[in-house]
Amino acid sequence: MAADATTDATAAAEDTEAEEQVETDERREALLSELSSALGDSVLATHVDPGRDVWARVAIDVWAEAAEVVRHRMGARYFGFLSVIDWMPSPFGRSMDSEVDKALGADGDSGTDETDEPAEMHHGVTGGESRFQVFARVAKVGDPEDHWGITLVSDIPESLEVPTWTNTYAGADWHEREAWEMYGVTFTGHPGLRHIYLPGDFEGNPLRKDFPLIARMVKPWPGIVDVEALPEVEPAGDPGTDTPDGSGTADGGGS
22 MAADATTDAT AAAEDTEAEE QVETDERREA LLSELSSALG DSVLATHVDP
72 GRDVWARVAI DVWAEAAEVV RHRMGARYFG FLSVIDWMPS PFGRSMDSEV
122 DKALGADGDS GTDETDEPAE MHHGVTGGES RFQVFARVAK VGDPEDHWGI
172 TLVSDIPESL EVPTWTNTYA GADWHEREAW EMYGVTFTGH PGLRHIYLPG
222 DFEGNPLRKD FPLIARMVKP WPGIVDVEAL PEVEPAGDPG TDTPDGSGTA
272 DGGGS
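Residue numbers (the numbering used here): 22 to 276.
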């Protein structure tokens, strides 16, 4: 019995040690320490998925500075993408569910919220306090021994103004133009915010949750193709009728 107890204790200790190793990611924790060292209390929240990824939410007033830090101080020279996310629940509810969504709903519930209470906003792993957030992905590449990426996030103020990243990452140019066009967020300092997809006189920002997409209200979401009956094929001309190629005659006789 004593031997069994010793074996169980040893196994438990090994399991605990293995769990601690999995939950610790020294390299990514070091990245966050370096970022915090440069930006101080402006690093508002962080999250590490051990062995996988790392996120950091920073104050909007250091958004441009954060780009400088991760590129020039930390070595993340590769720019992946930049965009905006609208965390507001759709004011149209879940009425746009497809037939598949409805079929999967419990007790035939389509998921439509019949209450007038506004739904609560839920942010990502680093939290947030605003409807809109800007986020960007950068990485350090080229060194097999030190290859990593980080996602930076920031709350967008009610002014909907965000400092541009184009002074640090030239590739942010197109991404910021798209976010400006689709979400209505202005990137201050950008060299030329102009439309990419939409005509200049287009009204509204299509990727906002409160933008009414009429097509989605007319037919099921997500864009299920309308099924229409094929037109009936007219029967071949009878001998007594004219045919398009003139092979028949009105009196039924041939040529």
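One or more hints might be untrue.
Stated by the list, open to error - Computed beta-carbon distance windows for the label pairs:
1. 98 / 210: 18 to 28 Å
2. 195 / 233: 43 to 53 Å
3. 44 / 145: 15 to 25 Å
Rather than coming from a laboratory, the hints here were simulated on the basis of the structure.
Backbone N, C-alpha and C define an ideal beta-carbon position, used for all residues, glycine too.
Ascending list of hint numbers which this structure does not respect: Per hint list: single violation, 2.
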